[in-house]
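*Asks:* So the chains spell out like this:
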Amino acid sequence: MQNRRAAQGNQSWLSTPSRLRPPAKAQRSASKLLPEPQAHVSISFQFLEDKPMSIDRNDVHRILKLVDETERFAEVEVELDGWRLHIRRHSEPGQPEPANAPAPMAGQAVDDHPRISPRSSSESISTPPKSASSSDPAVGGNVHVIKAPLLGTFYRSPAPGEKPFVEVGQRVTAEDTVCIIEVMKLFNSIGAGVNGVIKEIRAADSELVEYGQTLFLIQAD
Amino acid sequence: MKTFHRVLVANRGEIAVRVINACRELGIETVVTVSEADRESLAAKMADKAICIGPARATDSYLRPDTLVMAALGTGCEAIHPGYGFLSESASLSRLCKDNEIRFIGPSAKTIESMGNKIAAVSIAKSVGIAGVPGSGRLTSTSEAKRIAEEIGYPILLKASSGGGGRGMRVVGRASELAAEMTAASAEAEAAFGDPALYMEKFIERARHIEVQILGDTHGNIIHLGERDCSTQRRHQKLIEESPSPVIDPDLRSQLGEAAVRLARHVGYQGAGTVEFLFDDHTRKFYFLEMNTRIQVEHPVTEMVTGSDLVAEQIRIAAGQPLALRQTDVRLEGHAIECRINAEDTENSFMPRPGVITHWLPPSGDNIRLDSHCYIGYGVPPFYDSLLGKLIVHGRNRAEAIQLMSNALHNFKIEGVPTTIPFHIRALQHENFTTGNVTTRWVEETLFHGN
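Chains A and B, in that order, are what the protein sequence lines are. The opening residue of the first sequence carries number 1 in the working numbering; numbering runs sequentially from there. The opening residue of the second sequence carries number 1001 in the working numbering; numbering runs sequentially from there.
Since the hints were derived computationally from the structure, they do not count as laboratory data. It is possible that some hints are incorrect.
[Claimed, not checked] Heads up, incomplete: computed chain B residues facing chain A, CB under 8 Å, no partners named:
(1) Ala1037
(2) Ile1051
(3) Met1070
(4) Glu1400
[As the list claims (entries may be wrong)] Within a straight-line C-alpha distance of at most 30 Å, the following computed DSS-like cross-link-like pairs (lysine-lysine) qualify:
(5) A:Lys199 - B:Lys1049
(6) B:Lys1049 - A:Lys147
(7) B:Lys1045 - B:Lys1002
(8) B:Lys1238 - B:Lys1118
(9) B:Lys1002 - B:Lys1118
(10) B:Lys1002 - B:Lys1238
(11) A:Lys147 - B:Lys1045
(12) B:Lys1098 - B:Lys1110
(13) B:Lys1002 - B:Lys1126
Cβ coordinates follow ideal geometry from the N, Cα and C atoms, glycine included.
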């Protein structure tokens, strides 16, 4: 097994087991944004502290395979030695959610969110706020910056009309989800990564955020 | 006139700059997708907006159809221009665009798929009467090989089925040598690739790479814009391209063009595309190689001699406009040459050399064009190809074009990274080049062989 260091200390990230694939049949598109029903599992993987990793991609694949084969669990969480893996099976399209599904955390069922409305081309293109950098007066001291780990639509709450994950001034723990970023119907939850207090929220709900864009500043403990 | 208001440029380097310029001329706004390594690129500075789609590694940024389509939707782009390389020939991207009502500036997923598989493309070409290089399937016996070799005609080339890179390849000049050569080639193939299987191809001693530019619109019009001769290559990497070819006469040009148009029509081609042929200098026969369903790096030489703007044509076609040109309007005027200026060490196996450009003084003058994304202080990232730019000249005839190019190369000063400029200067003054006597093996066999 390969020892790999987390690229950025307390970063939490999430990926999907299967890539976006073209539809088997052109007519299957469930929605405009979806070429086909997507992967029905979402995985969240979180480094709990900045230390050499004892797990790699292959291990995750092995665990996924086990979960897939048993088909008995809707959700699996493994926490060990500085990392946590969270796997949640989504419902098949057209089928109800498993009755015992816990509160959404890592993944959202496919239609919980309204699709991003394609922005009209007549709207002007605004330049998104610049990433926080060392020259940013708000950043420094013990401020933890959460940047978008991927391009997508930024959502502050688990579903429309629901309470945002976090507000300014709110205390969070490293494991708390602070937002969701959606790419083509794949919902990726982003963790706080540190214990602390939300200092600033720099992205607007339902807006497109680019890779590396600053989303939150957290005053770490 | 139907057109787009805003286009997503899903590429980097000089082609992103080229597409942004074409859009600007058409009055179209641009959003360019950049990886983290390209945030400071010229394209990012030029576009109306740059959006970062991921880290430097292309598989996490430029090669992700989902992210590109998301970026287009989120920024209000109506179309995506994929440039060349990356996802320019991706049926998945074309299809994903369609599903999300974004126009893919290129052909349909179906067309890309039918031409994407080389073997399938060869058989499609054959079905419309365009032959590929004559050859065999897997050879099962010496007697079968003899029979096929008689049909194809000697010399023939024996190739390893699992092979590549020249190993296991043998040229056989006559029937009496065939059995012995097969035994040797088979043993070599077994040793090199663990598979003794062989197949046979006609050996074309003096082969040129000739390709035909085509344009097809959504109204069923398809035209060709003459050929490009890209025979000056090294390990299948094109280095110098020109139009017209020094060996193609008007009669052959219309044969090649008609063949290309016939194939394009058969697959319902929409957009700009290139049909590549291998041309036998001795017999003057041409054989289908493959079709590229994208804009090519070397498209400017065609633009110079035809006076067209192929990237603008691509965009107009995607917007649903009919072709502005008819076949009878297409004329090749003068002669154009393109040299690819790469950040490579030509004295050291053309090894790519990323680095910071500390000095950049491009040549200027009438009939000199430079398509580039470089500037003083630009850091050539190590993650992508080594192309710094393309120097293109347009002369009244080939001799004038060569002279113009030589002067331009001499006046092109780049410091900070080694470039292919010294190679081009040397190639252009070689007698084989000035007399138009270059084949696809020339660079390796003559230019770099014992001087």
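*Asks:* Each of the hints needs a verdict: does it hold here or not?
*Replies:* Verification of the hints:
This hint is violated: Ala1037 of chain B has a C-beta 11 Å from the nearest C-beta of chain A, more than the 8 Å allowed. Because the beta carbon of Ile1051 of chain B sits about 5 Å from the nearest beta carbon in chain A, less than 8 Å, this interface hint is met. Given the 8 Å rule on beta carbons, the hint for Met1070 of chain B holds: about 5 Å separates it from the nearest Cβ of chain A. Taking 8 Å as the C-beta contact cut-off toward chain A, the hint placing Glu1400 of chain B at the interface is violated, the least distance being around 45 Å.
At roughly 29 Å between alpha-carbon atoms, Lys199 of chain A and Lys1049 of chain B fall within 30 Å of each other, so this suggested pair holds. For the given pair, Lys1049 of chain B sits about 20 Å from Lys147 of chain A by alpha-carbon distance, which is consistent with the 30 Å threshold. With a C-alpha separation of about 28 Å, the suggested pairing of Lys1045 of chain B with Lys1002 of chain B holds against the 30 Å cut-off. For the hint linking Lys1238 of chain B to Lys1118 of chain B, the alpha-carbon distance of about 19 Å falls within 30 Å, and the restraint holds.
Restraint check for Lys1002 of chain B and Lys1118 of chain B: the C-alpha separation of about 35 Å exceeds 30 Å, so the hint is violated. Of the supplied pair hints, the one linking Lys1002 of chain B and Lys1238 of chain B is violated, its CA atoms being roughly 36 Å apart against a limit of 30 Å. For the given pair, Lys147 of chain A sits about 23 Å from Lys1045 of chain B by alpha-carbon distance, which is consistent with the 30 Å threshold. For the suggested pair Lys1098 of chain B and Lys1110 of chain B, the alpha carbons sit about 12 Å apart, so the restraint of at most 30 Å is met.
Proposed proximity of Lys1002 of chain B and Lys1126 of chain B is contradicted: the alpha carbons are some 37 Å apart, above 30 Å.
When each numbered hint is compared with the structure, violations occur for hints 1, 4, 9, 10, 13.
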